[in-house]
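Peer 1: Model the placement of chain D on the given structure of chain E, informed by the hints.
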Amino acid sequence: MTKLEIEYLLPTWSEKLGIYRERVRNFWKIYSTSKMGIVGLGLVLSFFIIAVFASLIAPYDPYKFVGPPLLKPTESYILGTDHLGRDIFSRIIYGARISLLIGLVAAAISVGIGTIIGLTSGYFGGFLDAVLMRITDMFITMPTLPLMLILASILGKGLINIIIVISILYWTPTARMVRSQTISLKERPFVEASKAVGCSDLRIIGRHIAPNVFPLVFANAIITIVDAILAEAGLSFLGLGDPFQPSWGMVLHYANLAGAVVHGLWWQIIPPGACIMLLVLGFALVSYSLDQILNPRLRKR
Amino acid sequence: MGMREYILRRAISSIITLALIIALNFFIFRIMPGDPTRTIVGDVRLRPETRELLRQQFGLDKPIWVQFILYIQNLAVGNLGVSFQYKGTPVTEVIFGRRLTNTLILMGSSIALALIMGMILGVIAAWKRGSKLDVSMLTFTLVAYSMPVFWLGMLIILFFGFYLKLIPLAGTVTPGVEYSNFFDYALDYLHHLIGPMVTLTIIDIAYYFLIMRNTMLDIFTEDYMLTAKAKGLRDRIILFRHGMKNAMLPMVSVIALTVIYLFGGATLTETVFSWYGIGRLTYESVMMADYPVLQGIFLVMAIAVILANFIADIVYAYLDPRIRY
Numbered sequence: 001m002t003k004l005e006i007e008y009l010l011p012t013w014s015e016k017l018g019i020y021r022e023r024v025r026n027f028w029k030i031y032s033t034s035k036m037g038i039v040g041l042g043l044v045l046s047f048f049i050i051a052v053f054a055s056l057i058a059p060y061d062p063y064k065f066v067g068p069p070l071l072k073p074t075e076s077y078i079l080g081t082d083h084l085g086r087d088i089f090s091r092i093i094y095g096a097r098i099s100l101l102i103g104l105v106a107a108a109i110s111v112g113i114g115t116i117i118g119l120t121s122g123y124f125g126g127f128l129d130a131v132l133m134r135i136t137d138m139f140i141t142m143p144t145l146p147l148m149l150i151l152a153s154i155l156g157k158g159l160i161n162i163i164i165v166i167s168i169l170y171w172t173p174t175a176r177m178v179r180s181q182t183i184s185l186k187e188r189p190f191v192e193a194s195k196a197v198g199c200s201d202l203r204i205i206g207r208h209i210a211p212n213v214f215p216l217v218f219a220n221a222i223i224t225i226v227d228a229i230l231a232e233a234g235l236s237f238l239g240l241g242d243p244f245q246p247s248w249g250m251v252l253h254y255a256n257l258a259g260a261v262v263h264g265l266w267w268q269i270i271p272p273g274a275c276i277m278l279l280v281l282g283f284a285l286v287s288y289s290l291d292q293i294l295n296p297r298l299r300k301r
Numbered sequence: 001m002g003m004r005e006y007i008l009r010r011a012i013s014s015i016i017t018l019a020l021i022i023a024l025n026f027f028i029f030r031i032m033p034g035d036p037t038r039t040i041v042g043d044v045r046l047r048p049e050t051r052e053l054l055r056q057q058f059g060l061d062k063p064i065w066v067q068f069i070l071y072i073q074n075l076a077v078g079n080l081g082v083s084f085q086y087k088g089t090p091v092t093e094v095i096f097g098r099r100l101t102n103t104l105i106l107m108g109s110s111i112a113l114a115l116i117m118g119m120i121l122g123v124i125a126a127w128k129r130g131s132k133l134d135v136s137m138l139t140f141t142l143v144a145y146s147m148p149v150f151w152l153g154m155l156i157i158l159f160f161g162f163y164l165k166l167i168p169l170a171g172t173v174t175p176g177v178e179y180s181n182f183f184d185y186a187l188d189y190l191h192h193l194i195g196p197m198v199t200l201t202i203i204d205i206a207y208y209f210l211i212m213r214n215t216m217l218d219i220f221t222e223d224y225m226l227t228a229k230a231k232g233l234r235d236r237i238i239l240f241r242h243g244m245k246n247a248m249l250p251m252v253s254v255i256a257l258t259v260i261y262l263f264g265g266a267t268l269t270e271t272v273f274s275w276y277g278i279g280r281l282t283y284e285s286v287m288m289a290d291y292p293v294l295q296g297i298f299l300v301m302a303i304a305v306i307l308a309n310f311i312a313d314i315v316y317a318y319l320d321p322r323i324r325y
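First to last, the sequence lines map onto chains E and D. The end of the first sequence is residue 301 by the numbering used here, with every number in the run present. The end of the second sequence is residue 325 by the numbering used here, with every number in the run present.
Chain E on its own, in the form it takes in the complex (with noise of 0.2 Å):
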């Protein structure tokens, strides 16, 4: 065949996309058949939409001083202020953007680094697989919370670098997975044909064990984001976040100098907590309904 011939056997670009459109398609008729799915899609997404919206919802700046410290809830604050009379719910409202942005942001960083450090150790084995592994042994033996808060400390307060310090802690499970993954793939048929004909390494990692390896990174993103979230809350919440930013472990942070807990201060504490709980119980669902989709051996059942 010459080389026209082939191409017109190829899908075209306009083919390709159709077929794309059909899965996804497919994909949404099984996703929306889950309650549980959509419980989650749903929160996920209404708390995109307060991060987007939050200028126009929140009815004070969250950055600044704007009443008497350590209001009780009233008309004109709904949840109080804090112990330098910040208006405590238009940081709620802001909270959310610093939870999604370092969330989704550590969430690929470190899905990234997992991705790369497990195709790399599945597919070239041998010292390089060893190497690597051991270095991933050592991350998961040692404690996380401890090491993310000396991390956190030598890095000193900031929103990157919380992002930072998560990205580093939390590749280990992906890298793992698709470890696994690639070397379960890299035995097949496929790869030992692209072999014979002469492709590259590169080529084979990229064409044809990546998009295999995708659906298990993607749950996994998911689930990290769920780490990324809670990370960040428990760190700021022992004061290593970002003191400039009003993040919801933030909020609690300073609930709990200000003695929330043992004063009874319960529009302090209960409203922050909760966001976080909604929205990780949000990207929980979404994870545990995908797995449902994605993992054929739980389908079956």
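Worth flagging that the hints you see were computed from the coordinates, not collected in a lab. Be aware that one or more of the hints could be misleading.
Lysine-lysine pairs mimicking DSS-like chemistry, simulated, CA-CA at most 30 Å apart [stated by the list, open to error]:
#1 Lys245(D) to Lys231(D)
#2 Lys128(D) to Lys245(D)
#3 Lys128(D) to Lys229(D)
#4 Lys87(D) to Lys62(D)
#5 Lys62(D) to Lys128(D)
#6 Lys29(E) to Lys16(E)
#7 Lys35(E) to Lys132(D)
#8 Lys229(D) to Lys245(D)
#9 Lys35(E) to Lys128(D)
#10 Lys128(D) to Lys29(E)
#11 Lys72(E) to Lys165(D)
#12 Lys29(E) to Lys132(D)
#13 Lys231(D) to Lys128(D)
#14 Lys64(E) to Lys157(E)
#15 Lys16(E) to Lys186(E)
#16 Lys157(E) to Lys87(D)
#17 Lys132(D) to Lys62(D)
#18 Lys16(E) to Lys157(E)
Which chain E residues face chain D? A few, computed with CB under 10 Å, are given here [claimed, not checked]:
#19 Met36
#20 Gly37
#21 Ile140
#22 Leu230
#23 His263
Calculated from the model, a selection of chain D residues having no Cβ within reach of chain E, i.e. all distances over 10 Å [to be verified]:
#24 Tyr6
#25 Val77
#26 Gly161
#27 Asp223
Built from N, CA and C at the ideal position, the CB exists for glycine as well.
Peer 2: This is chain D only, laid out in the frame that chain E set:
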């Protein structure tokens, strides 16, 4: 491969991991910003003669590889340096004291409770898949998983401590109380233990439940379960003698992983409840820049975990000979 060879291989792998962690533990505290020697001895909270002694012990004016060798040598004789925040108290004394006991009691009790309840509920939920119990346990699991543990602790203090006055608001014992006998002391201690223990148990149950449930669902598809049923055995015997026994295999490695929390404590929970344990010590040491103590905590945790994993591997291989090959 025989059992002996298997143990040897696991031992070598564990030692390599331990060596890596010791090296990392050494270097991470030398890359602190500022003069690296300051983080070890330069702290103004120490007396000059203590500083001079440490400078010699750890060779801080020498090249870094000499320091590393000295560090290993000191480690071998159990010298982990001295604490800054406790003005020169040896790190080993700070860690291996009241704090470790408190953490072992808190973590031990909550892990044991969560493990037993999580496993039993997991077996029953898997057996009655899709039942009301299964669905409500799954919902509980997702909610518990989504809750920040420190927030759950705050809620428990708020409701059961502040509003209902059932548990104390903070601490390990009531401060400033003279106990007439040990029984009174134990009672006060247990009263303080309830809050953090319940918090950790709630979070952990969810974890063990889910693992047990999924393992059991896998086991139900095995032929030996069908055989047991065909033999006409009672449900309870099938479930616990044939099912749960086999589900214990994956549980062994799960339990080994919890050892890190057994020794390391739960920093967030201990901080919320002001529990005088290793977890809070970690937090305080970070805040006070008490690097020697942090280094010590890390080392203890790492050794405990590696040892636990090593034992788990052997137990696993003993229970399931297929692993060895």
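Peer 1: Run the C-beta distances from Tyr6(D) to all of chain E and say if the shortest one exceeds 10 Å.
Peer 2: 18 Å, holds
Peer 1: Are the Cα positions of Lys16(E) and Lys186(E) separated by 30 Å at most?
Peer 2: Given pair Lys16(E), Lys186(E) holds - Cα atoms ~26 Å apart, limit 30 Å.
Peer 1: Hinted pair, alpha-carbon criterion (30 Å max): Lys128(D), Lys29(E). Please report holds or violated.
Peer 2: Between Lys128(D) and Lys29(E) the Cα gap is close to 28 Å, so the pair holds against 30 Å.
Peer 1: Checking a non-interface call: every C-beta of chain E should be farther than 10 Å from the C-beta of Asp223(D). Is that right?
Peer 2: Consistent with the label, Asp223(D) stays out of reach of chain E, its closest Cβ about 16 Å off (over 10 Å).
Peer 1: For Lys29(E) and Lys132(D), compute the direct alpha-carbon distance and say whether it is at most 30 Å.
Peer 2: Answer holds: Lys29(E) to Lys132(D) is near 27 Å, not above 30 Å.
Peer 1: Is the straight-line distance between the alpha-carbon of Lys29(E) and that of Lys16(E) 30 Å or less?
Peer 2: Since the Cα atoms of Lys29(E) and Lys16(E) sit roughly 20 Å apart, the hinted pair holds (cutoff 30 Å).
Peer 1: Is Lys62(D) within 30 Å of Lys128(D), Cα to Cα?
Peer 2: 66 Å, violated
Peer 1: Compare the distance between the alpha carbons of Lys157(E) and Lys87(D) with 30 Å, and conclude whether the hinted pair is satisfied.
Peer 2: 27 Å, holds
Peer 1: Holds or violated: Lys132(D) with Lys62(D), Cα cutoff 30 Å?
Peer 2: Judged against 30 Å, a Cα distance of about 67 Å means the pair is violated.
Peer 1: Would you check the hint for Lys128(D) and Lys245(D), treating anything up to 30 Å between C-alpha atoms as holding?
Peer 2: Holds - the C-alpha atoms of Lys245(D) and Lys128(D) are around 18 Å apart, at most 30 Å.
Peer 1: Starting from Lys229(D), check that the Cα of Lys245(D) is at most 30 Å away, please.
Peer 2: Measuring from Cα to Cα gives roughly 16 Å; hence the hint holds.
Peer 1: Are all C-beta atoms of chain E more than 10 Å from that of Val77(D)?
Peer 2: Holds, since 24 Å exceeds 10 Å.
Going down the numbered hints, you'll see the structure goes against 5, 17, 18, 20 and 26, while the others check out.
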